[in-house]
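S.K.: Dock chain B against the given chain A, drawing on the hints supplied.
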Amino acid sequence: MTATVSRIVRDPRAQLGLTVTDLLDADFSTALVWAEISGRFFADAVRRHPDRVVNVGIREQLLVNVGAGFALTGMRPIVHTFGSFLVERGFEQIKLGFGHQGVGGVLVGGGGSFDASRGGRTHQVPGDVALLDTLPDIAIHAPGTSAETDEVLRRAVAADGLHYVRIVEQTNTESFHGPGLHVVRRGAGATVVALGPVLDEVLAATTDLDVTVLYAHDVRPFDASTLRSVLTVPDVVVIEPWLAGTSTRVVSDALRDVPHRLLSLGTRRMELRRYGTPAEHQRAHGLDAAGIRRSLESFLDGIRER
Amino acid sequence: MDNVSRLLTLMTGDEKHDPASHSTLDVLRVLYERVLDVSPESVRSPRRDRFLLSKGHGPAAYYAVLCDRGFFPESWLPTWGAFDSPLGFHPDRNLVPGVEISSGSLGHGLPLAVGVALGLRAQDLDARVVVLVGDAELDEGSNHEALELAAALGLDALTVVVVDNRSTSYAVPGRIAQRFAVEGWDVAIVDGRDRARLERALTERPVGRPNVVVADVADQEAAA
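Sequences listed follow chains A and B, in order.
Using the numbering used here, the letters of the first sequence map in sequence onto residues 190 to 495.
Using the numbering used here, the letters of the second sequence map in sequence onto residues 224 to 447.
Derived from the structure by calculation, the hints contain no laboratory data.
These numbers come from a predicted model, not from an experiment.
From the three backbone atoms N, C-alpha and C, an ideal C-beta is built for every residue, glycine too.
Among the hints, a few may not be true.
As the list claims (entries may be wrong) - Under 10 Å between C-beta atoms, here's a sample of chain B residues computed to sit facing chain A: (1) Pro269; (2) Gly330; (3) Gly332; (4) Ala336; (5) Val339; (6) Leu341; (7) Gly342; (8) Leu348; (9) Gly364; (10) His367; (11) Glu368; (12) Glu371.
What the hints assert, rightly or not - Some residues of chain A that are not near chain B, with every Cβ distance over 10 Å (derived): (13) Glu358; (14) Glu363; (15) Val419; (16) Arg445; (17) Ser453; (18) Arg457; (19) Arg458; (20) Phe488.
Pulled out of the complex, with its shape left as it was, chain A reads as follows (with noise of 0.2 Å):
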């Protein structure tokens, strides 16, 4: 394999076929399937690699077994399309084709929450990271950045086992490189967990508060031994731009022997059926920087300044 210095661009799905582009360069065993979505962003693998760049169409079944197919004749295969078409339509293709298979892969879905504002629940998946956390052993990826989106797929394809890796418009400011819980800010109060793209809103929301800010892209599996290295008062806060409540699970296993409070914070389960921009279900949602200024404060008791 060939070390390349990777190009960096401004949107996380350009940045996707860029990075997926070098790796099908670089590395013979992979191969990118795809079903007619972002096709904008594979033109030059599609040229390049004929054999092992396949468009199935509008076929999202087909697209997650035959990238399961591929995988059993010793193929690294990275899954495109959108993360509602990609993980709901073809759940039982990926907890058969690739989880009792016993075969690997890099599933990529595109959209998230809300990037589709205006498209509507067909186009939305706040529920595919608790729906996929059913699956064993399966590792989730939600980058913040494109920095952290090239860092992420080029980790994820270099690994063994099944891989998801959730890639939506919204970014944060920083990057953070490297799996696991980054150590973000410390304080003495309660510990603020933000997975994926909400790190901005957290950062704002907690700005004068003295207490201690997690950043992680990696979501599963969930690095307890930092978010337990670090605990001073057992409050402890998750924000998720996903399902709340879907990293409750791993949270309360990490910190089974301590008794704790604990607010999870994330879309709201009830349909929204609203359009306008993503800011705009962020905000209705509680997940911009006032709601989760204000779910903090309804949480923490005697609210510490720093």
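M.R.: Structure of chain B alone, referenced to chain A:
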């Protein structure tokens, strides 16, 4: 009684699936005894032919044939379905040598086979991929996604065997053959108990497009 028939008698307890199992027996014997280039010695070779049993229910005939070919010992058969047995009522590729896919849920084998054929082509591996489906299994829409793409991409390493025992609830005479033909597949319809004809249909295949063999086993079952 020949050896495969004797091995079959060692497995009891899955009577619900008996008709499904025995409908596949002749196809399986022809494939493993006369057509496929795969053996216990080559089972890990990248160049081996692949057989994917998509219709995973009623695997007694499959187990008997694999056992007869030496993929696993005869002592496994009498305890099939037991807690400690590698042989379930649906086969698991992670437990049984020679089993290429874990199946049971219908409509997965053909889409997986398309991916396997593409993976072999990408690696310049000249091996065949044969997938067995049932006629009622074709109810599942996922098959139709797969058979369309396989023809569009000219996957001539791929062969589908449809064991047609008329088990679909909403049968239309001739639909299976026409469904494949209209997409550009090479189609053969043969008596699913006639091993010589099965062998010929499973051996001769065109260049540049996939082929399907519809193995008709309905009359014999009705008579039985």
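S.K.: State for each hint whether it applies.
M.R.: Now the hints, each set against the structure:
Taking 10 Å as the C-beta contact cut-off toward chain A, the hint placing Pro269(B) at the interface holds, the least distance being around 7 Å. At a threshold of 10 Å, the smallest CB-CB gap from Gly330(B) to chain A is about 8 Å, leaving the interface hint in force. At a threshold of 10 Å, the smallest CB-CB gap from Gly332(B) to chain A is about 9 Å, leaving the interface hint in force. The restraint placing Ala336(B) at the interface with chain A holds, with a minimum CB-CB distance near 7 Å, inside the 10 Å limit.
Taking 10 Å as the C-beta cut-off, the interface hint given for Val339(B) holds, the closest approach to chain A being about 4 Å. Taking 10 Å as the C-beta cut-off, the interface hint given for Leu341(B) holds, the closest approach to chain A being about 6 Å. About 3 Å separates the beta-carbon of Gly342(B) from the nearest beta-carbon of chain A, less than 10 Å, and the hint is met. A least Cβ separation of about 7 Å between Leu348(B) and chain A falls short of the 10 Å threshold, and the interface hint therefore holds.
The criterion of a C-beta within 10 Å of any C-beta in chain A is met by Gly364(B), whose closest approach is roughly 8 Å, and the hint holds. With its C-beta approaching chain A no nearer than about 9 Å, His367(B) sits inside the 10 Å limit, and its interface hint holds. About 4 Å separates the beta-carbon of Glu368(B) from the nearest beta-carbon of chain A, less than 10 Å, and the hint is met. At a threshold of 10 Å, the smallest CB-CB gap from Glu371(B) to chain A is about 8 Å, leaving the interface hint in force.
The Cβ of Glu358(A) sits about 29 Å from the closest Cβ of chain B, beyond the 10 Å cut-off, so the non-interface label holds. Interface exclusion of Glu363(A) from chain B stands, the closest Cβ pair being 39 Å apart, more than 10 Å. With a minimum CB-CB distance of about 39 Å to chain B, Val419(A) clears the 10 Å threshold, and the non-interface call stands. Under the 10 Å C-beta cut-off, the non-interface status given to Arg445(A) relative to chain B holds; the minimum distance is some 30 Å.
Look at Ser453(A): its CB is around 33 Å from the nearest CB on chain B, clear of 10 Å, so calling it non-interface holds up. For Arg457(A), the requirement that its beta carbon stay farther than 10 Å from each beta carbon of chain B is met, with the minimum near 33 Å. In this structure Arg458(A) is separated from chain B by more than 10 Å, as the shortest Cβ-Cβ distance comes to about 29 Å. The non-interface label for Phe488(A) is consistent with chain B: the shortest C-beta to C-beta separation is roughly 43 Å, beyond 10 Å.
Taken one by one, the earlier hints all hold for this structure without exception.
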